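Asker: Following the hints, put chains B and C in place on chain A, whose structure we already have.
Protein chains in written order, with this note's numbering: chain A, 1 to 315; chain B, 1 to 283; chain C, 1 to 497.
Hint data in this document are derived by calculation from the structure and do not stem from the laboratory.
The reader is advised that the hints may include incorrect statements.
Straight-line C-alpha distance at most 30 Å; calculated DSS-like pairs for lysine-lysine [said to hold, decoys possible]:
{"hint": "1", "chain 1": "C", "residue 1": "129", "chain 2": "C", "residue 2": "97"}
{"hint": "2", "chain 1": "C", "residue 1": "190", "chain 2": "A", "residue 2": "179"}
{"hint": "3", "chain 1": "A", "residue 1": "79", "chain 2": "C", "residue 2": "129"}
{"hint": "4", "chain 1": "C", "residue 1": "336", "chain 2": "C", "residue 2": "295"}
{"hint": "5", "chain 1": "C", "residue 1": "372", "chain 2": "C", "residue 2": "275"}
{"hint": "6", "chain 1": "C", "residue 1": "468", "chain 2": "B", "residue 2": "52"}
{"hint": "7", "chain 1": "C", "residue 1": "456", "chain 2": "C", "residue 2": "372"}
{"hint": "8", "chain 1": "C", "residue 1": "194", "chain 2": "C", "residue 2": "210"}
{"hint": "9", "chain 1": "C", "residue 1": "395", "chain 2": "C", "residue 2": "335"}
{"hint": "10", "chain 1": "A", "residue 1": "70", "chain 2": "C", "residue 2": "178"}
{"hint": "11", "chain 1": "C", "residue 1": "123", "chain 2": "A", "residue 2": "79"}
{"hint": "12", "chain 1": "A", "residue 1": "210", "chain 2": "B", "residue 2": "170"}
{"hint": "13", "chain 1": "C", "residue 1": "333", "chain 2": "B", "residue 2": "52"}
{"hint": "14", "chain 1": "B", "residue 1": "59", "chain 2": "C", "residue 2": "372"}
{"hint": "15", "chain 1": "A", "residue 1": "79", "chain 2": "C", "residue 2": "190"}
{"hint": "16", "chain 1": "C", "residue 1": "295", "chain 2": "B", "residue 2": "52"}
{"hint": "17", "chain 1": "C", "residue 1": "395", "chain 2": "C", "residue 2": "417"}
{"hint": "18", "chain 1": "C", "residue 1": "474", "chain 2": "C", "residue 2": "210"}
{"hint": "19", "chain 1": "C", "residue 1": "275", "chain 2": "C", "residue 2": "295"}
{"hint": "20", "chain 1": "C", "residue 1": "219", "chain 2": "A", "residue 2": "158"}
{"hint": "21", "chain 1": "C", "residue 1": "194", "chain 2": "A", "residue 2": "179"}
{"hint": "22", "chain 1": "B", "residue 1": "52", "chain 2": "C", "residue 2": "260"}
{"hint": "23", "chain 1": "C", "residue 1": "376", "chain 2": "B", "residue 2": "52"}
{"hint": "24", "chain 1": "C", "residue 1": "441", "chain 2": "C", "residue 2": "136"}
{"hint": "25", "chain 1": "A", "residue 1": "7", "chain 2": "B", "residue 2": "107"}
{"hint": "26", "chain 1": "C", "residue 1": "372", "chain 2": "B", "residue 2": "52"}
{"hint": "27", "chain 1": "B", "residue 1": "7", "chain 2": "A", "residue 2": "125"}
{"hint": "28", "chain 1": "A", "residue 1": "70", "chain 2": "C", "residue 2": "194"}
{"hint": "29", "chain 1": "C", "residue 1": "123", "chain 2": "C", "residue 2": "90"}
{"hint": "30", "chain 1": "A", "residue 1": "179", "chain 2": "C", "residue 2": "219"}
{"hint": "31", "chain 1": "C", "residue 1": "468", "chain 2": "C", "residue 2": "393"}
{"hint": "32", "chain 1": "C", "residue 1": "214", "chain 2": "C", "residue 2": "468"}
{"hint": "33", "chain 1": "A", "residue 1": "7", "chain 2": "B", "residue 2": "170"}
{"hint": "34", "chain 1": "C", "residue 1": "190", "chain 2": "C", "residue 2": "497"}
{"hint": "35", "chain 1": "A", "residue 1": "158", "chain 2": "C", "residue 2": "468"}
{"hint": "36", "chain 1": "A", "residue 1": "79", "chain 2": "C", "residue 2": "219"}
To give a feel for the contact side, a few chain B residues facing chain C, derived at Cβ under 10 Å [claimed, not checked]:
{"hint": "37", "residue": "45"}
{"hint": "38", "residue": "50"}
{"hint": "39", "residue": "140"}
Keep in mind it's a predicted model, so treat the numbers as computed, not measured.
Even glycine gets a Cβ: it sits at the ideal position worked out from N, Cα and C.
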Amino acid sequence: MTIFLVKRFFVFVITLFVASLVIFFLLEILPGDPASIILGIGAQDDTLAALRLEMGLNLPAPERYYSWIKGILYGNFGKSYTYDIPVYSLIIERLSLSIPLALLAISLSTFLAIPLGVFAAANHKRIADTSIMGFSQLGLAVPNFWFAILLILFFSVKLGWFSAGGFAGWETGFGAGLKSLTLPAISLALPQAAILARVTRSAVLENMDKDYIRTARAKGLSKKAALWRHAVRNALIPVVTILGLQLSFLLAGTIIIENVFYLPGLGRLLFQSISQRDLVVVKNIVMLLAATVVTINFLVDIIYVIIDPRLRDNS
Amino acid sequence: MNYSILKNLWKQSLNNRSFLLGIVLSLIMILTGLISIFWTPFPVEIFDISHKLEGPSAKHWLGTDHFGRDMTSMLMAGAWNSMLVSLFAISLGAGIGIPLGVFAAGKSGWVEELVMRFNDFAFAFPALLTAVMISAIYGPGIINSVIAIGIFNIPVFARISRGSALVIYKLEFILAARISGKNEFQIAFEHILPNILSVLIIQSTIQFALGILAEAGLSYLGLGTQPPQPSWGKMLSEAQTMMFIAPQMAILPGIAIVLTVLGLNLLGDGLRDILDPRLRDKN
Amino acid sequence: MKIINKMHTKILLICCSILIISGAAFASKKHLTMGMVLEPPHLDPTAGAAAAIDEIVYANVFEGLTRINQNAEVLPALAESWSISRNGLKYTFKLQKGVKFHDGSIFDSNDVVFSLNRARSEKSTNAQKSLFSSIKEVMAQGTNTVIVTLKNPTGNFLFNMGWGDAVIVDSSSANSNKSNPIGTGPFTFKRWVKGDRIELGENKSYWGQKPALKTATFKIIPDPAAAVAALMAGDADAFANFPAPEMASQFQSDSRFTVKVGSTEGETILSTNNKQKPFNDLRVRQAIAHALNSKEIIDGAMFGFGTPIGSHFAPHHAAYINLTGTYPHNINKAKKLLTEAGLPDGFSATLKLPPPSYARRGGEIVASQLRKVGIKLEIIPVEWAQWLDQVFKNKDFDLTIVSHTEPMDIGIYTRPKYYFQYQNPSFNSIIEELNVTSSTKKRYALMGAAQAILSKDAVNGFLFQLAKLGIWNKNVIGLWENSPVQANDLTGVSWKK
Chain A
1 MTIFLVKRFF VFVITLFVAS LVIFFLLEIL PGDPASIILG IGAQDDTLAA LRLEMGLNLP
61 APERYYSWIK GILYGNFGKS YTYDIPVYSL IIERLSLSIP LALLAISLST FLAIPLGVFA
121 AANHKRIADT SIMGFSQLGL AVPNFWFAIL LILFFSVKLG WFSAGGFAGW ETGFGAGLKS
181 LTLPAISLAL PQAAILARVT RSAVLENMDK DYIRTARAKG LSKKAALWRH AVRNALIPVV
241 TILGLQLSFL LAGTIIIENV FYLPGLGRLL FQSISQRDLV VVKNIVMLLA ATVVTINFLV
301 DIIYVIIDPR LRDNS
Chain B
1 MNYSILKNLW KQSLNNRSFL LGIVLSLIMI LTGLISIFWT PFPVEIFDIS HKLEGPSAKH
61 WLGTDHFGRD MTSMLMAGAW NSMLVSLFAI SLGAGIGIPL GVFAAGKSGW VEELVMRFND
121 FAFAFPALLT AVMISAIYGP GIINSVIAIG IFNIPVFARI SRGSALVIYK LEFILAARIS
181 GKNEFQIAFE HILPNILSVL IIQSTIQFAL GILAEAGLSY LGLGTQPPQP SWGKMLSEAQ
241 TMMFIAPQMA ILPGIAIVLT VLGLNLLGDG LRDILDPRLR DKN
Chain C
1 MKIINKMHTK ILLICCSILI ISGAAFASKK HLTMGMVLEP PHLDPTAGAA AAIDEIVYAN
61 VFEGLTRINQ NAEVLPALAE SWSISRNGLK YTFKLQKGVK FHDGSIFDSN DVVFSLNRAR
121 SEKSTNAQKS LFSSIKEVMA QGTNTVIVTL KNPTGNFLFN MGWGDAVIVD SSSANSNKSN
181 PIGTGPFTFK RWVKGDRIEL GENKSYWGQK PALKTATFKI IPDPAAAVAA LMAGDADAFA
241 NFPAPEMASQ FQSDSRFTVK VGSTEGETIL STNNKQKPFN DLRVRQAIAH ALNSKEIIDG
301 AMFGFGTPIG SHFAPHHAAY INLTGTYPHN INKAKKLLTE AGLPDGFSAT LKLPPPSYAR
361 RGGEIVASQL RKVGIKLEII PVEWAQWLDQ VFKNKDFDLT IVSHTEPMDI GIYTRPKYYF
421 QYQNPSFNSI IEELNVTSST KKRYALMGAA QAILSKDAVN GFLFQLAKLG IWNKNVIGLW
481 ENSPVQANDL TGVSWKK
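Isolated chain A (complex conformation) (with noise of 0.2 Å):
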């Protein structure tokens, strides 16, 4: 066990160790110089220099990696090219909508689909069974940028309940910024919905083909009483799996949905960063997003071997 641990924590370093030198590397190759981009059209080439020298642009590549690295380490990720503030402080800003808009998103899908995963499976083979995958199958053939842009038309141009978009803040109370945030919550929920629904449902079928619910409901056990007790409890791996791929995977999700709402998240963040050629932010998202997704990950293999122990073999 020690060991296993061992070998798959020195496998997430390394992979963390490869994500930021391919980072770093393909933003070494990105054209357009920042220095450029800060003083327009008008600029004239001594005046560039001096600013290259400013934000050190002439250091050599391995002492910029270096230094970088070493910031990180140490909590400092450096100064922003364009806002002239810490890039720290710049994605916790952004984090504070990014982070609750997924969480708003996730928890909606989850409190809709696993419930109607588990009706459909309790109705297998019947109407209500029939109709959810239906509407599952749709959810998952609608693009949610599209949804978005459908929710606008309807609940901001048509019925103007919603402003079609921008992020009301936090500060101006809790109900505001939340009202700002629904119309895109329910738009990255749909297609999570739609997949976590099929997840849920087959799963639980899969759980109530078992031998020992067989023998359970030889033994007497009621049918639902199976399904609640067993079979959802013994499906719910998978769907906690599932959830926390697909909340890893909604902190980049939310770049197009963000853009369809214009909300200041994180996506939006690097959007605009890679376009204004401010590396030093672009790096750290691009870093803080393969960081996350690499950490849950590896968080799922660990669980995975301490909730059965049979895999311990395999690795």
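Answerer: For chains B and C alone, coordinates are given in the frame of chain A:
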């Protein structure tokens, strides 16, 4: 496969509603796309500004867009571009992912570990992130969306082919083949691939649908297909500011995407029912 | 009125109380919320080219020696008056007395010397360093007089000193102006919520006449659809540059709003690489000019907002001459010219388009128009970063569309290394003469001659003058209708009631 198995499959296909609806929708879309190469009601590269934002009429069945282009023609040509990107992206993902997965299944130990870690690594970069980076470096365009969606498909195909291949490798006839002196490549090609083919076909159909969604998303962000090539995602992003004056521009391309993806997903589900008997009872 | 149920009444009540509360806060209406599309990268106008910086701080937070009003006239600001020596080389500025920076430090001649020298120094990161290139020496004479000596007479010097890039800063706060701008203007910087808004407060010790407004908020709303909603809901009182011309019509028919179509300094042109084959052939450029249909481009890309131009000059300027008829839209003539140039079947070229919608949409229309005469354009969308790098710096392009928003910038056509690589000695000599001429009448004649040459040479495809589409609450008065410099000067703005 002998005649009676084929006959049986045919019979099952006719009885499978998912499959039937899926194949009809998919065929309609594919045919529309193919026709658009040779013919559209109006040329999509010529603008007619004086007839912009018109509603449906006998001349323009679905109206015109902000440049006065015929919406029907735009949707038709958009179908072709979507499918092309998705098809190439899957070929890229499958072309690299399947050999990797089969190879990893055949060779356990550090090779397998390496391949699977690479997989995790590729998974750490969501398609959108990859696409944003690629387009920042090489500029947006069709080829870059193919690469971005393709990269995302590599670990998907690697995982599924490794998983299915592992099962086959444990079967006795592989041992028999080894004893008869066949090398790894022969075994992979002659025994493993044919046996995991149905799983791969099902997965490809689903990835094809996901590819169409991803292409639409990238084009919506302005990273995918570029003008004057019409694309559904780009049409939607253009429609967004016209939503107040021409809502049909925001609705039609979305319906096209939904129908296509729905068709492909249903086709995938249907194929799974038909080709993979293990799952048949459950769905 | 439809039936209102209990729930709705409740909501209405809440809404009303919010209205009353907010109404109380702005009962005297001393506050303005201005919507803007782009967020500034920082707030130091002396260290960046972004228009959004000036649109917030110009005349509001920072002031220069002179200032420009909405009719492009030069007015005194921190310099109360000035005199110019007979040879046009020596400018003596008399400064305002009793002026304080927002942090309390005193403004005097040393600050002027510091600011101008900082802008032209070797380590300067000023985006418009050329504004200061003609300065030979800046000297303080006592605390209230500054003498600027020029290397050569510069007709535009007073105008140049009115740019946002030439504002006067204090030596102690100069380096922190990016995040905490300290100027001498009637508004102080209060707060910046990144990605959302920037708030300005009242400068209680302002030296000049205090504006009617006490506070202002600049709200960043990049999305056109959200901009419409914000105006409709009153979240924003005004948009000086409304981002979506396609949605303007619904405000024009709404009596709550004022819609003003003003002019900008933005000549939107199909920039042509004059050294690149086949564009080095005058006949090819003429053919392009004949193939373009400005009206259609303005209709399609800008929904009718914009003025056709025939040369690189703003139509609202007194020295403007109408040259839109030099090469009228004529496909047959275009084809004939191409045939004469040895390209009867047309040719293929690239069109690199930066992000603004005038360029992206306009570019698609241009491509469609040129296709009709056999010129096949491949559209390459680029980010500003790539545009600056590939097009502007390395001249790696055939055609591009961009709006040149600097005021009075016809002089760029003399620069030998400028990205469209145009060279014409007779044009250069006109501009040289213009630079040393001070008589207005003569200056206008020279400007006219310069416009005519550019038009005849079809240097670039001259498409249209970018319109400034201003939409605001009808009770707001005093906002600029035109923008001769990039600014939202709030000093003259007030509420009617």
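Asker: If a hint holds in the structure, say so; if it does not, say that too.
Answerer: A quick look at each hint next to the structure:
no.	hint	in the structure
1	129(C) to 97(C)	28 Å, holds
2	190(C) to 179(A)	27 Å, holds
3	79(A) to 129(C)	25 Å, holds
4	336(C) to 295(C)	22 Å, holds
5	372(C) to 275(C)	24 Å, holds
6	468(C) to 52(B)	23 Å, holds
7	456(C) to 372(C)	23 Å, holds
8	194(C) to 210(C)	28 Å, holds
9	395(C) to 335(C)	27 Å, holds
10	70(A) to 178(C)	27 Å, holds
11	123(C) to 79(A)	20 Å, holds
12	210(A) to 170(B)	23 Å, holds
13	333(C) to 52(B)	27 Å, holds
14	59(B) to 372(C)	22 Å, holds
15	79(A) to 190(C)	22 Å, holds
16	295(C) to 52(B)	14 Å, holds
17	395(C) to 417(C)	9 Å, holds
18	474(C) to 210(C)	23 Å, holds
19	275(C) to 295(C)	28 Å, holds
20	219(C) to 158(A)	25 Å, holds
21	194(C) to 179(A)	20 Å, holds
22	52(B) to 260(C)	24 Å, holds
23	376(C) to 52(B)	23 Å, holds
24	441(C) to 136(C)	28 Å, holds
25	7(A) to 107(B)	20 Å, holds
26	372(C) to 52(B)	19 Å, holds
27	7(B) to 125(A)	26 Å, holds
28	70(A) to 194(C)	27 Å, holds
29	123(C) to 90(C)	25 Å, holds
30	179(A) to 219(C)	19 Å, holds
31	468(C) to 393(C)	28 Å, holds
32	214(C) to 468(C)	26 Å, holds
33	7(A) to 170(B)	27 Å, holds
34	190(C) to 497(C)	26 Å, holds
35	158(A) to 468(C)	29 Å, holds
36	79(A) to 219(C)	24 Å, holds
37	45	6 Å, holds
38	50	8 Å, holds
39	140	6 Å, holds
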